[in-house]
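**Q** The lines below spell out each chain.
Number of protein chains: 2
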Amino acid sequence: MSTQTEDGEMNQLTHNGTGFPFFSEDTSVEVVNLRMGGSVNPRLKQVMTCLIQHLHAFIKEIELTQEEWELGIDFVTRTGQLCSEERQEFILLSDVLGISMLVDAVNNRHPFGATESTVFGPFHVEGAPHLEMGANISLDAKGEKCLFEGRVIDIEGNPIEGAVIDVWCDNAAGYYDVQQPELQPKWNNRGVFITGADGLYSFYGIKPVSYPIPNDGPVGQLLEKLDRHPYRPAHIHFRVAAKGYRKLITHIFTADSLYIDSDAVFGVKKSLITPFKKCDRSDAVWSAKYNFVLAS
Amino acid sequence: MSTQTEDGEMNQLTHNGTGFPFFSEDTSVEVVNLRMGGSVNPRLKQVMTCLIQHLHAFIKEIELTQEEWELGIDFVTRTGQLCSEERQEFILLSDVLGISMLVDAVNNRHPFGATESTVFGPFHVEGAPHLEMGANISLDAKGEKCLFEGRVIDIEGNPIEGAVIDVWCDNAAGYYDVQQPELQPKWNNRGVFITGADGLYSFYGIKPVSYPIPNDGPVGQLLEKLDRHPYRPAHIHFRVAAKGYRKLITHIFTADSLYIDSDAVFGVKKSLITPFKKCDRSDAVWSAKYNFVLAS
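Those protein sequence lines, which keep their order, are chains Z and E. Heads up: the first sequence runs through residues 281 to 576, numbered per my numbering. Heads up: the second sequence runs through residues 281 to 576, numbered per my numbering.
The calculated lysine-lysine pairs, modelled on DSSO-like cross-linking and capped at a C-alpha distance of 30 Å, are:
1) Lys558(E) / Lys466(E)
2) Lys340(E) / Lys325(Z)
3) Lys325(E) / Lys549(Z)
4) Lys340(Z) / Lys340(E)
Note that these hints are calculated values from the structure, not bench results.
The shape of chain Z in the complex, shown without the other chains (with noise of 0.2 Å):
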């Protein structure tokens, strides 16, 4: 009925035939996957087969609307627009999906035993100075002042010499230094270190404090619609690499901090809490004790 024309004709023509279904709700997979072409990367055409795959059964599933695509077309637009060299808004929305979490996790299935990895984060910043154990890496000197000590050690407790700590943390103001220039000394809570023959290692620095993650767009509006907080619990950020060894990208967070049960971005893992414990000596109010395992 559709396709008769004025004439009585069907408009029922074959097409040119390449034998491809026609597009429609249940052939989509099918159709857009199979317009590739046969000098696709066969990974690249894995990981879109399967991107196709997962994006059109979310919408089949939800029946999302015209008018949601296009609240959709609209949040993604704004994310990008807002990404420059100093901001990041789509790392920050595969953040709080825990997406970014998920990717780590898939990647660094340690063998047992070892530290576990976290998320990186973007306020690392290469090549800090290289300190002497037991140097104060706080130099604006406000905050809590804490000693971390402990061993970098391979899954069977041996101490790892030659490990390269690298170390970040924000101030007590809950800003990291490259988001203060003005107001930070340079390299302010960052450091490397290297480890000796016992594995150890020991610094000052102050009891990490938590801070929200930047939400004055998109990503902050979502997160107000979806009735969440933009904090993250206090935590110092360390990459561990060592010759023969897996490199490690961790933190470890204060077992007091407030939002230890809803980090913002999921960085949270229960073998990463650690006690910082009040400090009976004369230079430290805390301090906090952890050893970093390293897997081969």
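Put chain E on the given structure of chain Z with help from the hints.
**A** Same frame as chain Z, now just chain E:
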């Protein structure tokens, strides 16, 4: 082992205990979705829950690498950065992944017999001139003249009076007037027609020609990597609206067009492919007959 501190104490603290599980490959969907608060709009909650399920399933299934994640972040970032008042690269991305057509399909499950819908596209402009039946919408005197005619009818075949037919089409060079405001007359290949009691419509235009979607951005680069061309088969757009009937947004495609089997945006449906016939009339080279059947 990994959580043992220097003084032998285990870091196995219980966290502050809302009962939510920690994030892991196994729990990721649950952990992210449980984070939504109590005041979330129920439909938003439903959509986000489903989206998280499918995005996480995709990452786990394909075991997305850190490097592939970075490529993905870079791709969506560049796609968003290209968006402006004049360019919507994310809609283009939605189009070439079959998402726009799928949303159309999910939202327009017409009763059998009604004319099928297809994508609206980015080139419609409200306010085109109302014209008398038999008028010529091609104002630049280029292309092969074509007579379009047919009827607007209901499912039972009864003519619909007062149906508003809004038509838009590219010119012989493959561009819409809005893409070439300096080169084409305003409202070139556009017009609005209203049916009388007989439901008949007729107007002159040109036989449509195929054209590429904008392919100088990230979406064009993606198509190239997927070994896909950027062309749409030749078509003319119709929006047909009448009181008491569902609004119809569709194209008719020329049956002899290149790319009829490989529309870059998957807009072709078999029932929309129309034979354009060589014409024996003195005032046109081609004629196309198509009835629009509206669902009530």
